[in-house]
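Undergrad: Residue numbers (my numbering), protein chains in the order written: chain A, 1 to 115; chain B, 116 to 229.
No lab work stands behind these hints, which were simulated from the structure alone.
Possibly wrong hints are sitting among the right ones.
Straight-line Cα separation of at most 30 Å, DSS-like style, residue types lysine-lysine; simulated pairs [unchecked claim]: (1) A:K57 to B:K216; (2) A:K15 to A:K57; (3) A:K57 to A:K17; (4) B:K183 to B:K173; (5) B:K216 to A:K11; (6) B:K173 to B:K184.
Short, incomplete list of chain B residues facing chain A, as computed with Cβ under 10 Å [as the list claims (entries may be wrong)]: (7) V134; (8) L159; (9) F178; (10) G220.
Quantities reported herein were computed from a predicted structural model and do not represent experimental measurements.
All C-beta atoms, glycine included, are put in the ideal place defined by N, C-alpha and C.
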Amino acid sequence: GAGVSQSPSNKVTEKGKDVELRCDPISGHTALYWYRQRLGQGLEFLIYFQGNSAPDKSGLPSDRFSAERTGESVSTLTIQRTQQEDSAVYLCASTVRAGGTDTQYFGPGTRLTVL
Amino acid sequence: AQSVTQLGSHVSVSEGALVLLRCNYSSSVPPYLFWYVQYPNQGLQLLLKYTSAATLVKGINGFEAEFKKSETSFHLTKPSAHMSDAAEYFCAVSEGTSYDKVIFGPGTSLSVIP
């Protein structure tokens with residue numbers, strides 16, 4: 001597709017269950033980012049990938065959160081043993097460098113609700 | 116440590132009036148500054164960014180922002196509001212050239228009154 005896509009668009013789960021969120025970046029974009037947006041708040045950086053490597057995992061809120069990326073393409077964010085405070089919109093973005101500058105493109109997000 | 120504050124969680128303007136959304140930042144090094152817009156039911160978009168070149172930055176949809184170091188501000192303006200400008204606006208600061216260290220403000224919701 002032409003843009004960053006994320007699936008599912010909405011996910012409702014019960015506390016304690018594991019969830020997987022998927023991001024398909026724009027083809028050819030080497031950098032991929034995950035953010036979390038809680039209701040009424042700004043975005044929190046979670047993790048980013050350069051290629052398939054994640055140089056900085058410092059934004060992950062706890063060890064229940066993990067992410068991987070394969071083939072310099074699709075990325076999955078996994079949340080184990082979900083808690084109610086994990087409820088948020090999870091946004092993915094990818095960037096391309098052109099003309100000496102990076103431009104970031106965001107996906108529509110996955111709205112996660114933990115009951 | 117970096118931080119961003121946005122004065123006013125909600126701002127209302129009349130159609131055709133000046134839009135002014137305030138952003139103040141703190142950073143221990145010369146910052147990179149960004150404004151993002153999130154339209155209803157759409158993904159986040161970059162409006163404009165300041166990366167130490169010209170202090171007045173022009174973005175998409177007629178928006179611009181001015182970096183004022185003495186005031187640690189990066190306010191977003193548009194001379195004449197359109198109904199289509201109604202959205203959530205986020206100011207962000209980074210101490211790096213890439214997006215991994217970007218800190219976002221809490222956002223300002225802009226309403227445009229006909």
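Undergrad: Confirm or reject each hint.
TA: Hint-by-hint comparison with the structure:
Pair hint K57 of chain A plus K216 of chain B holds up; C-alpha atoms about 11 Å apart against a cutoff of 30 Å. This hinted pair checks out: K15 of chain A and K57 of chain A have alpha carbons roughly 24 Å apart, not beyond 30 Å. As the CA atoms of K57 of chain A and K17 of chain A are separated by approximately 22 Å, the hinted pair is consistent with the 30 Å bound. For the given pair, K183 of chain B sits about 15 Å from K173 of chain B by alpha-carbon distance, which is consistent with the 30 Å threshold.
Pair hint K216 of chain B plus K11 of chain A holds up; C-alpha atoms about 28 Å apart against a cutoff of 30 Å. Proximity of K173 of chain B to K184 of chain B is assessed by CA-CA distance (about 17 Å); at most 30 Å being required, the pair is judged to hold. Violation of the interface hint for V134 of chain B is found here, the shortest Cβ-Cβ separation to chain A being roughly 19 Å, above the 10 Å cut-off. Annotation: interface hint on L159 of chain B holds; nearest CB of chain A at approximately 4 Å, less than 10 Å.
Interface restraint check for F178 of chain B: the shortest CB-CB distance to chain A comes to about 16 Å, outside 10 Å, so the restraint is violated. A distance limit of 10 Å between C-beta atoms decides the matter here; for G220 of chain B the minimum to chain A is near 5 Å, and the interface restraint holds.
In terms of the numbered hints stated before, the structure departs from hints 7, 9, listed from lowest to highest.
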